[in-house]
Amino acid sequence: MRFVDEFRDREKAQVLAARIAALCEPGRRYGLMEICGGHTHTIYKHGIEDYLPEAVQLVHGPGCPVCVIPMGRVDDAIWIAEQQGVTMTSFGDLLRVPGSRGSFLDATARGADIRMVYSPLDSLRIARDNPDRRVVFMAIGFETTSPSTAMTVLRAAAEGLENFSVFCNHVTIIPALQAILASPELHIDGFIGPGHVSTVIGCEPYRFIAAERGRPFVVAGFEPLDILQSIQMLLLQLREGRSEVENQYTRVVSWEGNQKALQAIDEVMEPRPTFEWRGLGWIPDSAMRIREKYARFDAERLFDIPAARVADPPACQCGEVLRGIIKPWECRVFGTACTPETPIGTCMVSSEGACAAYYNFGRFSRQRVRQATPA
Amino acid sequence: MCLGIPGEVVALDIDRPGMATVNVAGARRQVNVMLVEEERVQPGDWVLIHVGFALAKIDEEEARLTLSHLEEMGQAYRDELRAISQSRID
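One line per chain: the protein sequences are A and E, in this order. Under our numbering, the first residue of the first sequence carries the number 13, and numbering increases by one thereafter. Under our numbering, the first residue of the second sequence carries the number 1129, and numbering increases by one thereafter.
Because the hints were derived from the structure by calculation, they are not lab data. The reader is advised that the hints may include incorrect statements.
[As the list claims (entries may be wrong)] Which residues of chain A face chain E? A partial, calculated answer using Cβ under 7 Å:
#1 Thr156
#2 His208
#3 Thr211
#4 Lys272
#5 Ala273
#6 Glu364
[As the list claims (entries may be wrong)] Covered stretches of chain A, as calculated for chain E (at least 3 residues, CB under 8 Å):
#7 97-105
#8 133-142
#9 158-167
Idealized CB from N, CA, C, for every residue including glycine.
Make the full structure from the sequences, and use the hints.
Below you can see the structure in the form of structure tokens.
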């Protein structure tokens, strides 16, 4: 356990904090976006902001797949689940995500057969065990889960399974980052890059952010010290006028990524022309659909889905939270009408959502603490 | 869903290529290891598992680090372990 203790060493955190403070130029402010919901979780769980100078502001990004799924897709999934003979399977994370007619849990209460699975392979087994049911897997996630969906479709094809399909909602991180960079209301100086997604896609795809958009990008691990070290690496680049892609999480992430996983995705899926993201709107090429070759496993082709556009609830400000424009506690329903028990918005549903992370760990921004306790 | 959970490979399944028996949080589970084939995963190796698939080979120290981080996550990790315990991948 020496390694663990070493990484959790508070003194090390303080040394990094001192280096970070020393790297900040007087009068300059730094907006750093952590893309991944897992990083947001670590930041609030461990109070990383307490180690940072005022000048460094962390902005939470859109990297929580549960948080970015639009209501319309939840409605469509529930519509499929309510068709005759359908068994819908879903990761547990999604069960409480509200659509305009309630969540999967509400649909289950109305009589739909929706089952929680850990893996798409569990969904495949359910299909095999229930040949009289049409089993649909509700596929969501970034490149961390899309290879698994692709591999499962390949397996279903190899087995010749005829009662299994996928409702594909997989999204891709790069177009979302392009959309964020194009947003005029957002000031981002650098990115704390996602750890697990990069395990699959590697570091190369981020190069345009550094090379063309001039923003340093550091792929980071999930430990508190990983985050602090990544912030230090970003600030050092900014100080030296560099903008490069660096990999802080070399323990797990390779520069090339997982080629087998990328091949599996490419074999089974292709980019959609456009896809709606909660809070970010429609983003070109930002999601995957099942290729024609595997049409018989594509729920969107097998079912006549209503595909209705649904606006987010007016009270909900998840969109502004996901674009980093407001902090979770600045949302008008945060912690009052919207809590993890009765979420209005997706950011409160997932434990990796920025709102749930704030809510669960009770960490409010330093400004708010100051406002509440005037000197 | 987003949690990468470390597991120690116990045995490669001879009958089912691409599958392995992996010790995950004290329980033996079936995990698909086709995506880490090139890493030549062997019994005793640690892998990072996402939704039933090993996505990366990691070393033992990284595995312990990740496990202690997951344990600190509380409910999210307990939910994931509960889901894994009900999983029957084959």
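Hints, one by one, checked against the model:
Interface hint status for Thr156 (chain A): upheld, as the beta-carbon distance to the closest one in chain E is roughly 5 Å, under 7 Å. At about 5 Å, the closest approach between the beta carbon of His208 (chain A) and any beta carbon in chain E falls short of 7 Å, and the interface hint on this residue holds. A cut of 7 Å between beta carbons decides the hint on Thr211 (chain A): the least distance to chain E is about 5 Å, and the hint holds. For the restraint placing Lys272 (chain A) at the interface with chain E, the shortest Cβ-Cβ distance is roughly 5 Å, inside the 7 Å limit, so the hint holds.
Look at Ala273 (chain A): its Cβ gets to within about 5 Å of chain E, closer than 7 Å, so that hint holds up. Using the Cβ-Cβ criterion of 7 Å, the hint placing Glu364 (chain A) at the interface with chain E is satisfied: the shortest such distance is roughly 6 Å. With a threshold of 8 Å between beta carbons, the proposed coverage of the region 97-105 of chain A by chain E holds, since 3 of its residues qualify and at least three are required. A count of 3 residues in the region 133-142 of chain A with a Cβ less than 8 Å from any Cβ of chain E is obtained; the coverage claim is therefore met, three being the minimum.
Beta-carbon proximity to chain E at under 8 Å applies to 3 residues in the region 158-167 of chain A; the threshold of 3 is reached and the given coverage holds.
Going down the numbered hints, you'll see the structure goes against none, and every one checks out.
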